[in-house]
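Novice: What follows is each chain in one-letter form.
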Amino acid sequence: MKAPVPFGQYVPGDSFVHRLEPRVKMGLVAAFMLMVFTVEGFAGLAVAAGLAAIAVAVSSVPPRIVVRGVRAVSIILAFTLIAHSLRWNPATATLIRVGPIGVDAQGLITGLFFVVRIVLLVIGTSLLTFTTSPVRLADGLERLMRPLEVVRFPAGEVAMMLTVALRFIPTTAEEAEKIIVAQVARGARFDTGGLIKRARAYVPVLVPLFVNLFRRADELATAMEARCYRGGEGRTRFTESRMTATDWVALALGGITMISTGVVL
Amino acid sequence: MIEFIDVTFEYQSSGGSVPALRGVSTTLSPGELVTVLGPNGSGKSTLARLANGLLHPSGGRVIVENIDTGDAEHIWDIRSRVGLVFQNPDNQIVATTVVEDVAFGPENLGIDPPLMRRRVARALESVGLDGLEEREPHTLSGGQKQRLAIAGTLALDPAYLVLDEPTAMLDLQGRSDVLDVLATLRDRGTGIMHITHHLADAAAADRVLVLVAGSIVYDGVPERLLGDEDMLARCGLTVPPIGRLAAELRASGVPVPPDALTAESVVAGL
Amino acid sequence: MTLSLTGVDFTYGAGTAFATRALSDVDITFSPGEVVLVLGATGSGKSTLLRIAAGLLVPDAGSVTLDGRAVRGPLAVVRPGVGIVFQSPEMQLFAESVAADVAFGPRNQGLSEEDAIVEARRALDAVGLDPEEFGPRSPFSLSGGEARRAAIAGVLAMAPGYLMLDEPTAGLDPSGRESVRDIVTAARESAGVVVVTHDAEEFLGHADRVVLLSEGRIIFDGRTEVLVQNPGRFTEAGLRAPEVLRAQMLAQDAGVALPRFALDPTEVASLLAEAWSGPR
Numbered sequence: 001m002k003a004p005v006p007f008g009q010y011v012p013g014d015s016f017v018h019r020l021e022p023r024v025k026m027g028l029v030a031a032f033m034l035m036v037f038t039v040e041g042f043a044g045l046a047v048a049a050g051l052a053a054i055a056v057a058v059s060s061v062p063p064r065i066v067v068r069g070v071r072a073v074s075i076i077l078a079f080t081l082i083a084h085s086l087r088w089n090p091a092t093a094t095l096i097r098v099g100p101i102g103v104d105a106q107g108l109i110t111g112l113f114f115v116v117r118i119v120l121l122v123i124g125t126s127l128l129t130f131t132t133s134p135v136r137l138a139d140g141l142e143r144l145m146r147p148l149e150v151v152r153f154p155a156g157e158v159a160m161m162l163t164v165a166l167r168f169i170p171t172t173a174e175e176a177e178k179i180i181v182a183q184v185a186r187g188a189r190f191d192t193g194g195l196i197k198r199a200r201a202y203v204p205v206l207v208p209l210f211v212n213l214f215r216r217a218d219e220l221a222t223a224m225e226a227r228c229y230r231g232g233e234g235r236t237r238f239t240e241s242r243m244t245a246t247d248w249v250a251l252a253l254g255g256i257t258m259i260s261t262g263v264v265l
Numbered sequence: 001m002i003e004f005i006d007v008t009f010e011y012q013s014s015g016g017s018v019p020a021l022r023g024v025s026t027t028l029s030p031g032e033l034v035t036v037l038g039p040n041g042s043g044k045s046t047l048a049r050l051a052n053g054l055l056h057p058s059g060g061r062v063i064v065e066n067i068d069t070g071d072a073e074h075i076w077d078i079r080s081r082v083g084l085v086f087q088n089p090d091n092q093i094v095a096t097t098v099v100e101d102v103a104f105g106p107e108n109l110g111i112d113p114p115l116m117r118r119r120v121a122r123a124l125e126s127v128g129l130d131g132l133e134e135r136e137p138h139t140l141s142g143g144q145k146q147r148l149a150i151a152g153t154l155a156l157d158p159a160y161l162v163l164d165e166p167t168a169m170l171d172l173q174g175r176s177d178v179l180d181v182l183a184t185l186r187d188r189g190t191g192i193m194h195i196t197h198h199l200a201d202a203a204a205a206d207r208v209l210v211l212v213a214g215s216i217v218y219d220g221v222p223e224r225l226l227g228d229e230d231m232l233a234r235c236g237l238t239v240p241p242i243g244r245l246a247a248e249l250r251a252s253g254v255p256v257p258p259d260a261l262t263a264e265s266v267v268a269g270l
Numbered sequence: 001m002t003l004s005l006t007g008v009d010f011t012y013g014a015g016t017a018f019a020t021r022a023l024s025d026v027d028i029t030f031s032p033g034e035v036v037l038v039l040g041a042t043g044s045g046k047s048t049l050l051r052i053a054a055g056l057l058v059p060d061a062g063s064v065t066l067d068g069r070a071v072r073g074p075l076a077v078v079r080p081g082v083g084i085v086f087q088s089p090e091m092q093l094f095a096e097s098v099a100a101d102v103a104f105g106p107r108n109q110g111l112s113e114e115d116a117i118v119e120a121r122r123a124l125d126a127v128g129l130d131p132e133e134f135g136p137r138s139p140f141s142l143s144g145g146e147a148r149r150a151a152i153a154g155v156l157a158m159a160p161g162y163l164m165l166d167e168p169t170a171g172l173d174p175s176g177r178e179s180v181r182d183i184v185t186a187a188r189e190s191a192g193v194v195v196v197t198h199d200a201e202e203f204l205g206h207a208d209r210v211v212l213l214s215e216g217r218i219i220f221d222g223r224t225e226v227l228v229q230n231p232g233r234f235t236e237a238g239l240r241a242p243e244v245l246r247a248q249m250l251a252q253d254a255g256v257a258l259p260r261f262a263l264d265p266t267e268v269a270s271l272l273a274e275a276w277s278g279p280r
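Chains as they are written, first to last, in the numbering used here: chain A, 1 to 265; chain B, 1 to 270; chain C, 1 to 280.
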């Protein structure tokens, strides 16, 4: 059955953030990342966190979904914190000493700084995918890449590829689940033995999955050709999103705030 | 009109060329519903792919409204005149929302967004999917997916629709919904070629075509085929129980029409 | 060897906002040598029932017992267990040869390579695929009907005490459907057979017993003859009765008095013809 919204998936809505032009959102996320990377102290991170909190609030994406996204990287966060604060030589540890191991206060602060930074990066980028449908995202990417067509970069084709890939992710996932259950019903086990044995156990899943994918690809290509697809040239778009005054203002204000914060703090 | 004139088609395989169609001649007119029957491997799918120039005949000609499908210059005109719908609805849906998928064809033709919007809305309305514009295709039922695939070709504004076993993977509800759509489109003047395994689908047709081993063994009204057991046997078609009931009733003097293959049509004779 | 489900409940995504009840308080018993048809509309819970009966899903409440013993884990690994043929089973074929693919199940059951090959040949014979001709071929070179039969052989090779099939004839042409029907009815010699489908037309004439499932509940469980006399039950389950039965229902609604209902066209024809000439 349908899994609850995983990290990074679109959460349908009609908020201010949802309505922003995808290119604007990508630009703002880029500026946000830049800011998070350039600020040198907790003051800067606090401003970034404030901006992220406002964005989440305005986006009407339920905070628990945002938290779930952060939780997905909790191992990385824990590792970051430990790597920065743990000392094998207790002499250099200033906070706690337990036998041969110690915790360093300065390291703990540095670790926390990096943890907050990663959390903010995750929130920033996932907010983009939470509030932008895959189609609009692909469309935005295409528009961003369009200038590259001058150097014969196939922006339209790349966007088409992205759309088709997005379209077939749920279908393929469903199919994989069906094949796994069918092989389990034939006595296949995926949870026993060493790494190699387990990897081999997936052969009866992966082979039919790929064979079906190739068959799908072939049929889809035929169907697309039958519907007059002949590459990106001369195509018009159903949802040709346009930059509105709001988009320009949001881009300008947001961009200036974030870049100046990054430079000053 | 689509004209197949003495069409031969051979597939190239490792073992040499395999004939799929041998000297097939037939037509499809606007507003006509033609049902194509025949066992697997009889050349039905090849016939569909020849109709819009996805395949080109090895011998003979296929003409769509006076244009040869081999005419490379007009191939996109031909493809937008002849819509093709395939068996597996999953493998012909391109986009991630219903409305975007229907728009795929018109986008390819470079149609202006305002006209595109009207066409997309009309196509969705003709298959009864209006209201589901923003749904993701994988959340639709099989029957809805197949109607979406039909809408996707209708948005190209075709005069003809060729469907290759569109109901084979559907449940009974999905099947009857698709058949209803086909009947409506025929009444609106679209020429429809419906390739199917279900003999019962023939009853609704204006004309039935039976292919066996790449040759047409029957091309005519459904009544004559369905009422003639020898003919059916020669075509390799098995009569469903309801057809056998109709035949038995006829034999005992009850006036059941020869093309009665539904409970309703059999009882109407009583 | 009786297979019983008692008081079975099942909910997908229990405890989340996506929770959907699939089965409610299902009691059902299967016996060897019997062909049982489980009929239900899309979403009636019939595929879930199959997965639970085969030990692939664990019910939220209630129990599954085989020979009086509680079932834990997939029943495919035991011989004789419960073999399940899913919808479009040809989608699971993977090995380099048909023989190796069919031997996959028996190998997983712990049979030696030689014994598994013997079982594979037996199963291929049973589905009408000559082991000499089809055994060495790639499963991806088969036609749709052949691939379906090879996939069924893959389950038969596991010598199931129960063979369960989910929409086994879907998507096949008439001759393919007929050969699958033959395989299924022949399987009763060695196993209890359970066919799950929404299409009553396809298997009704071949079933000893029919179970009607509607919204996760069993609303009918009885002999086929009994159901034939009560065709209204099909409608209650959100299903379409076979055309021949529908014709009799329509005739009766139109005032034709029928002494009983029947499935066999010849018998129906004489019943209808008699009743038709009667009142006139």
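Honestly, the hints are just simulated from the structure, not real lab data.
Take the hints with a grain of salt, since some may be wrong.
Said to hold, decoys possible - Residues of chain C clear of chain A, computed beta-carbon distances all greater than 10 angstroms:
(1) ASP27
(2) ARG51
(3) VAL77
(4) PHE86
(5) ARG107
(6) ASN108
(7) GLN109
(8) GLU113
(9) SER143
(10) ASP221
(11) GLU225
(12) GLN229
(13) THR266
What the hints assert, rightly or not - Listed below are several chain B residues computed to face chain C (Cβ distance under 7 angstroms; list not exhaustive):
(14) MET1
(15) ILE5
(16) ASN40
(17) VAL217
(18) PRO258
(19) VAL266
Claimed, not checked - Pulled a few chain B residues facing chain A out of the computed Cβ check, cut under 8 angstroms:
(20) GLU3
(21) ILE63
(22) ASN66
(23) THR97
(24) GLU107
(25) PRO114
(26) LEU132
(27) GLU133
(28) SER141
Beta carbons are placed, not taken as given, at the ideal position from N, Cα and C, and that holds for glycine.
Novice: What hints, given by number in increasing order, does this structure fail?
Specialist: 2, 3, 4, 5, 6, 7, 14, 15, 17, 18, 20, 21, 22, 25, 26, 27, 28
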